[in-house]
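Chemist: Residue strings, one per chain:
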Amino acid sequence: DAGITQSPRYKITETGRQVTLMCHQTWSHSYMFWYRQDLGHGLRLIYYSAAADITDKGEVPDGYVVSRSKTENFPLTLESATRSQTSVYFCASSQGPLGNEQFFGPGTRLTVL
Amino acid sequence: QKEVEQNSGPLSVPEGAIASLNCTYSDRGSQSFFWYRQYSGKSPELIMSIYSNGDKEDGRFTAQLNKASQYVSLLIRDSQPSDSATYLCAAGRAFGKGTLLTVNP
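These protein sequence lines map, in sequence, to chains B and G. Using our numbering, read the first sequence as starting at 1 and increasing by one per residue. Using our numbering, read the second sequence as starting at 1 and increasing by one per residue.
Treat the hints with care, since some could be wrong.
20 Å max Cα-Cα, derived EDC-like pairs, lysine to aspartate or glutamate [claimed, not checked]:
| # | chain 1 | residue 1 | chain 2 | residue 2 |
| --- | --- | --- | --- | --- |
| 1 | B | K57 | G | E3 |
| 2 | G | K2 | B | E101 |
| 3 | G | K56 | B | E101 |
| 4 | G | K2 | B | E72 |
| 5 | G | K67 | B | E101 |
Just so you have them, the derived chain B footprint on chain G, three or more residues with Cβ under 8 Å [unchecked claim]:
| # | segment |
| --- | --- |
| 6 | 19 to 28 |
| 7 | 43 to 51 |
| 8 | 85 to 99 |
Derived from the structure by calculation, the hints contain no laboratory data. Where is the CB? At the ideal position from N, CA and C, for every residue including glycine.
Isolated chain B, as found in the complex (with noise of 0.2 Å):
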C-alpha cells in the first residue's frame, strides 16, 4: 500500500552508539521531514530535504546526520546517541515545502540508557 513506513517502530541502545532511523515512501513526494516530539516541545524539525541530494537543517540538528540518495528514502543517523536523544521521531512527507500539507509516518520510539 502507498503511504510512509518508518523502522523500527521501537529502538533500545546506549549512549555513545551509533543509530539509524529508517524512512520510506511511496507517494513520490519531493519534500521529506525529520521530526522528534517531546513534552512540552511539541514536535521539533531535525532536518528537511527538498529532493535527492539535498538536505538542509531544521531547528535541533545537532547530534544528527542526514542522507537522501533517493526520493523514496530519508535515513535519519545518531552519529553517537545521547540520553537528550530519547524522544519519539516522526518522519514526515509532502508535495511542497515546509508550510504545506505534511504526512507522518507510524513514528519510532527511541531510549538512549
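Given chain B's structure and the hints, the job is docking chain G onto it.
Modeler: Then chain G, alone, in the frame of chain B:
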C-alpha cells in the same frame, strides 16, 4: 521566532457538544494553516487545511481563519468519544504544542 500558541488543555466536553479549539500565530506572513489530530501513541494526522479568511467546513469539522487577528480555530460539532485526542495547529512551517481534547460519554 515564529510561534504558534495553543492552550494545552485538557479541554473536556460532553458527548454531542461542540468542541472549540483555538490557536494564535506570530508570523503575519503565514499563508497556510492546518489542524492535525494525534491520538495517544500515534502520529499526527492531517484533518483540515485552510488558506483564506473565513470558515471551511468538512463534515463535523469547521476551521476558521482570521488573518487580521492572527487566529485560527477548529470547531468539532456533535463531539464523539472517538474525537478524544491532541489537536495540533500549524501556521506555515510552525507547529503548536497541541490541545488535549477529552470527550466524555
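Chemist: Go through the numbered hints given earlier and state which of them the structure violates, listing their numbers in rising order.
Modeler: 4 and 6
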